[in-house]
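**Q** Those sequence lines, one after another, are chains A and B.
In this text, residue positions in the first sequence follow our numbering: the first is 1099, and each later residue adds one.
In this text, residue positions in the second sequence follow our numbering: the first is 1099, and each later residue adds one.
Treat the hints as calculated values from the structure; they're not laboratory data.
We treat Cβ as the ideally placed atom computed from N, Cα and C, and that holds for glycine.
Treat the hints with care, as some may be off.
Lysine-lysine pairs mimicking DSSO-like chemistry, simulated, CA-CA at most 30 Å apart [to be verified]:
#, chain 1, residue 1, chain 2, residue 2
1, A, K1460, B, K1127
2, B, K1149, A, K1474
3, B, K1474, B, K1362
4, B, K1127, A, K1450
5, A, K1165, B, K1362
6, A, K1228, B, K1450
7, B, K1474, B, K1442
8, A, K1129, A, K1101
9, B, K1425, B, K1123
10, A, K1125, B, K1450
11, B, K1149, B, K1165
12, A, K1165, A, K1228
13, A, K1478, B, K1149
14, B, K1303, B, K1460
15, A, K1149, B, K1474
16, A, K1460, B, K1123
17, B, K1460, A, K1127
Chain B side only, calculated, beta carbon under 8 Å to chain A, not exhaustive [unchecked claim]:
#, residue
18, F1152
19, I1218
20, I1464
There are 2 protein chains.
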Amino acid sequence: MQKINKAGVCAPLGFLASAVNADVKGKGKEKNDMCLIYSETPFKMAGVFTKNTFKAAPVRHAIEALKINKEYQAVLVNSGNANACTGQQGIDACAELTSAVADALDIDHNKVLMSSTGTIGVQLPVERMKKHIDTLVDELDDGNSDLFAEAILTTDTFPKQCGVLVETKNGAYVVAGAAKGAGMIAPNMATMLCYITTDAVVSDKNLQTVLETAVNGSFNSITVDNDMSTNDTVFLMANGMSGIIPNQNELQEAVNLVTLELAKAIVKDGEGATKFITVNVKGADSDDDAKKCAFLIANSPLVKTMFHGEDPNWGRLLACVGASQVKADESQTDLYFEDLLYVKNGLIIDEKMESKAAEIMKQAEISITLDLNMGKGEAKVYTCDLSREYIAINADYRS
Amino acid sequence: MQKINKAGVCAPLGFLASAVNADVKGKGKEKNDMCLIYSETPFKMAGVFTKNTFKAAPVRHAIEALKINKEYQAVLVNSGNANACTGQQGIDACAELTSAVADALDIDHNKVLMSSTGTIGVQLPVERMKKHIDTLVDELDDGNSDLFAEAILTTDTFPKQCGVLVETKNGAYVVAGAAKGAGMIAPNMATMLCYITTDAVVSDKNLQTVLETAVNGSFNSITVDNDMSTNDTVFLMANGMSGIIPNQNELQEAVNLVTLELAKAIVKDGEGATKFITVNVKGADSDDDAKKCAFLIANSPLVKTMFHGEDPNWGRLLACVGASQVKADESQTDLYFEDLLYVKNGLIIDEKMESKAAEIMKQAEISITLDLNMGKGEAKVYTCDLSREYIAINADYRS
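Can you make the complete structure from the sequences, with help from the hints?
**A** This is the structure:
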């Protein structure tokens, strides 16, 4: 398995993409904000979606469509407007746009899905968007991965793409993807969109299993601000054009690699983030306990600001373990900063170690480990620090 | 029932207080950081404490003591050091200091409790603190409410006191209190200390019931940053010196009033807070659903920054209702900004109303109401906005 430099959604055989500036926000913005993925032959589709009760119109549309049909040929995406909290009009807008794309591509109406990201509660400018659909179709090209990866962004500061080439004795296939998401990232993938393509030959049932497994270890293990959006969507598309039927484990590994790399990129691009933090909890009574504890630490504003301030205030970390109310005993809890055993049995080993810990805090990427010494449960969660810039971005967003 | 202007812990008969600068942090800070409440006659004591599994030494000490004995005569408090995550040495420090106070007051060792607030994981400077105990005892005075209220503060920007006079046909009694807490405020009262005194005659059993009821509607209904500390403590002390046996409902009402006013003051002093926000959820399937939904809204960084930015971005509020996963249907959810019906059945009534809503967002105190139209469950939660200043305070605290 080999990472392909700068590979995006068009890296697998037969996938084309395009992007336009459809002025979705109606503010004459210069950024491309509508884009399309298309495959020369229909693909099997797997999807994982937000658990928010108030799902956006395109999410509701996709969930219903996938119950009936697993084969598609195109996905339309817009940024700048979430088409969430938009009632029946939002559902109708989604149907109208996917139908318009199908007509322009001359394929069945039920072969197109859609996703949206951006402001909630505003109706999509359907007519304005429809005017650009012919251009989207005309400009489809297998060299447009970058254009696609950029058009899906909102408050992100850089595009996120990753691809791997998997060589088998019968030949090679590719798994590649693009993602967006910077704020509202939390378990269950808040405001996160991800499109993964592959030219491997996979049944729709296997595809769904592989995707769900990959999402649990990646997008469901990251948090920026513990908010859960109405729009989160991860699509995995397999068009079989390589002719290769992959080993299931090998395919899983490839999709895991792509999703984990994209998930980490999202955390690194967390709104206002200056540091990438890995929170490991081990020795918990169960994996669930470990995950609960790790997420409480990763979401704590006091912990996140502590990392921002580069102060190894370990007491805040232990307080979080206690606040998570998982099975733990202060006098048996150990804490590591990277490999440095900093707190043993709930007490700082030596106050002089604070300066070593402070050095570690200056790193751009920091890994901490809490060992609860209770059992074999473990979890790994990725998060970022909380900076003034987060406030600036979110207090001023939309205005 | 009548509010008494500026009344603090010494307002009820027989309660005295004092405060000194014991240099708890060892940095020669000028602020008073150790203080004492003493009653001329023993008082009944009720206590409510943090639910954090890793409780600070003074909290563990108080919980154990209250299991055996409900009668006390003094409470020692220090700020600047939480005496949490300090192991057996922390427990010993607490015992040594309360014994020293008892000796100086010439009362039994088991008549003194203690609480602490400040940095976690540092041992108390017991010897330095003990040197100041005689002064604390010498300076006890019934005019020292303000000194006490100031000495318990950490990152707070103003002292918090409240008192009420309750007139009965047999005479009057007073309920008064002081509190501290600005960061780490969340359900279960994170890093919050509160001392309530009364000269009413109350049995220890009634006192505990009254306190628990009052805390549920006040300190357990506020959130600043969803962190839960190791040290939260609310004490209610009744020395009976007024000779008045209060009506239980009237006493409850008086304690409710004092705790709610102190809880609101804590939110107003939330680290970096510029706005006081009341989140009402009604029409929920149950009170529990309503509280879960209200807290999710009140803790959402996206909602808190939205208030800071004064942008009536109602979609974020509806997204939180969905994220809380309580029983709700987007097409039946209504949202009010103050009395303005802004969103009806999940849709904005009229985009022109955004300017009215934007006017409301400029207020220093804002009340919003989500009506889920599912049942009769309701909850009210108090919170504040999230500003750059919060980051500055917490990234730089301790350094």
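**Q** Run the structure past the numbered hints and jot down the numbers of the failing ones, going up.
**A** Numbers 5, 9, 14, 20 - these are the hints that the structure violates, sorted from lowest upward.
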